[in-house]
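J.: The chain contents come next:
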Amino acid sequence: MKGDRTLIILGAVLLALVGAGPLLPQWAMFIVTIAIAKGLVALALMLQLRAGLVSFGQALYYCIGAYTAGSLGRFFGISDMLLQMITGAAVAAFVAFILGFLLARYRGIFYGLLSLALSMILYGLLVKSEALGSTDGINILPSTVFGIRPDQGSVRHVVLIVGCAVAFLATLLVNRYLGTPLGQLAAAIKDNEIRVEYMGASVREAIHVKYVIAAALSGIGGALAATTVGHIDPDMAYWTTSGEFIFITILAGTRSVVAPFLGAMIFGIIHTVAFDISPNTWQMTLGIALLLVIVFLPEGLWSLFGRRKAA
Amino acid sequence: MAVVLDARDLNKRFGAVTAATNVNAAIEQDSVVGLIGTNGAGKTTFINMITGYIKPDTGSIHYQGRDITALSPREVTRIGICRSFQIPQLYSSLTVFENMMVGLGVVLRNAGLGGFFSRGAPNVPGYDAPAEAVAERILQRFGLSDYRNKNAQVLPGGVRKLLDIALTMVAKPTILLLDEPTSGVSAEEKFGMMEMVMTAVKAEGATVLFVEHDMEVVSRFAQRVLAFYDGRIIADAAPEIALTDPEVKRYVVGGELHRMDEQQGAANA
Amino acid sequence: MEQILTVIVDGIIYSAWLFVAAVGLTLIYGVMKIVNLTHGSFYALGAYAAASFTGAWIARGYPPMLSYAVLLASAAIITLVFAPLIERGILRFMYAKDEVVIMLITYALFLILEDTIKLIWGVDPYFIAEPYGLLGSFEVGEMTYPTYNLILVGIAVVAGGGLTLLLQGTRVGKLLRTVIHDPEVSRAMGINVDRFYLITFTFGSFLAALGGAFTAPTVSVVPGLGVEIIVLSFAVIVIGGMGSLPGAALGALIVGLVRSAAIHYAPAVELFVIYFVMALVLAFRPRGLFSLAEPRKI
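Residue numbers (our numbering), protein chains in the order written: chain H, 1 to 311; chain U, 1 to 269; chain C, 1 to 298.
These are computed hints drawn from the structure, not numbers from a lab. Treat the hints loosely; a few may be bogus.
To be verified - Below, computed lysine-lysine pairings styled on DSS-like, alpha-carbon distance capped at 27 Å:
| id | chain 1 | residue 1 | chain 2 | residue 2 |
| --- | --- | --- | --- | --- |
| 1 | H | 190 | U | 172 |
| 2 | C | 118 | U | 150 |
| 3 | H | 190 | C | 97 |
| 4 | U | 190 | U | 150 |
Claimed, not checked - What the simulated footprint calls covered on chain U by chain H, stretch by stretch (three residues with Cβ under 8 Å from a Cβ of chain H suffice, anywhere in the stretch; the number is not a length):
| id | region |
| --- | --- |
| 5 | 28 to 34 |
| 6 | 88 to 97 |
| 7 | 210 to 218 |
Predicted model only: the values in this text are computed from it and were never measured. Ideal Cβ positions, reconstructed from N, Cα and C, are used throughout, including at glycine.
Generate coordinates for the entire structure from the input sequences, incorporating the hints supplied.
T.: The structure is reproduced here in structure tokens:
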């Protein structure tokens, strides 16, 4: 299966990153780790996109993951990275399980708008919440891994390693899922829902499952991002954050589970460079880039690496 | 023969339009039944009610003794009643082979096989072979092997129809409902196609109901004919009897059979 | 009783503002079947243009009472500069694409316009308070309201009434309804659908700019003004039914009153409650309260 080969590549790249860690400057490790965190969310979007659904509010679960991680630290004194990520994923999945009963009934722009509304609801709640720091947000406790607190100099590297490991594992699992009958149903759902039902499968169920998996992935990404940045605030649920994820996913395309990470990396680089050159035109750059990708590379960057089959 | 599908007193109205009035039909196992009638006579409504797409206002449908009136299309498919469509419903971005594999995947999953935690390639229930082998087998039966790797959306009309019907076979149905299987297919090809479909279908043992407008196809392949008009069944008999029934000739067949009669008459003269 | 009156008056004023802000969006959706995110940009452009032109107007000592006309003119001018450019220059090549893709394209355009605004006007806030204070105030019970707010209500009524009249009463309106129903058939009948799209997009954007222009005197005009408007407008038209004019009015009224109630009785949920109502409507009446859009649902 082609996926396996790309996974080996992903594994190799991550391993290289991990090994090169100590040699990379701090800011580079920061960018890479954030790229991995956002890549996970883009992977979540891709999962839904394959079924023809665009979530305009994926930041909802990204933010839930981040705030779960932050809350664990602030209110329970738990600073273990892995625990934060797992709990973030679990809380996100739980919320998605409930909301999925509603969302799985919609398609197209309504799915998009409803997901957007839900993320903005969280934003509104967080902004008004004094306990959670309102617009200032809260700072994250310095991370620990298995009880050990890395020192200042190597904490970025440790976060990178743990992030890579978790992301790789998650991608592996997602890839396997995509090989199962339910996973392969995405393209069918996108093409012809009626036929899917008449084959004996429940479209709503399939979408619900994908929605929950996507939420869990986003929750992990959010927790990782929170740890890396060291701070969380309501903007993580704002719709422009969701927009960034959408951009990464469109850039990456839906062909491969590795593509979202590549897209996130490129996004990270564009973001850093654009901000350096001219902070006031970052959104314009993003907008132009998005337009160009939509018009000229509708299948995403991955299509540059060869087409799977003729149309 | 045992009655496998029993429709009792079905009635359905859509606002001012009566789509079904006291429709009764007991279908025997392994039989081949032709459904005829002009457009709007109620044939597709009948099929839609059986498959659960619409619910009758009154009346019930029983399958193997069980009341299935309230089931959804998905549930109806899962218990063994599958249908094909007038306009082929395919997965246009997937290849012919992939179309089949999606269907077989669903069948596996419904049987609890081939999921996230499974290993190896399990056998498809009813076929005793792994999914890929079953897909090849069905494609071959329908003469679609040459189109295996072509995208569904580039297929010519008749091939799309065949794929649509082939897809219904993945769940090894007990009852097959074919909605105008030869529509859109040229006159010369109709018989050949129907022959292939029937052979393929009967090889796996199924009861078949097919909607058809071509009376020659009906008389050739159906053992029994249900003629619909204005939501009612106006004839229920073997083709020779049903197709020459005066009411059927008047409301369904129209001029066509007159010509056949004349030809017959001329031939006999 | 006093409080309820306040809630209602506040609610109506807010509803009027929401209606003007949202009606352009529903018009564009109804006719062109696209979800137009540049809507927020035009709102912001209207506000900034109003700030600049009106500021200059007042600074030069021209009659302040005419500043209201300047607000109107600013909205018109800025729309005429940008709308045809966007529609003819970019959008018209995209109509064949999937509706979600078009939404993404307008999102990209929105991002571009946000920074364009920053480049033209900078990031410092603009204030033009004069038109706001000029008309004095009026009293309802014990509460005092600036009379200016009535202008907004007035505009809402005129816009709503005018559009309804246009659609139902004029020949142009009939043609427009044909185009709404079926662009292909309309084209086949010889209607210049492209021209209708251009006009609709421009007019719809003008309405957004108008909303922004008349809001400018009441707030400090800063970057990011357009962002919240988009989500609020969507909430309004989803509740009322996408593509429906009376729907936009009803949606605006509902959101306005609900928000007003929230502010007075439970301020903590103010932001939350609007989106909550939208989610609720989508859950139980996905077509909105009057609607043209068919939500794709199994």
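J.: Hints numbered earlier in the text: which of these fail when held up against the supplied structure?
T.: 2, 5, 7
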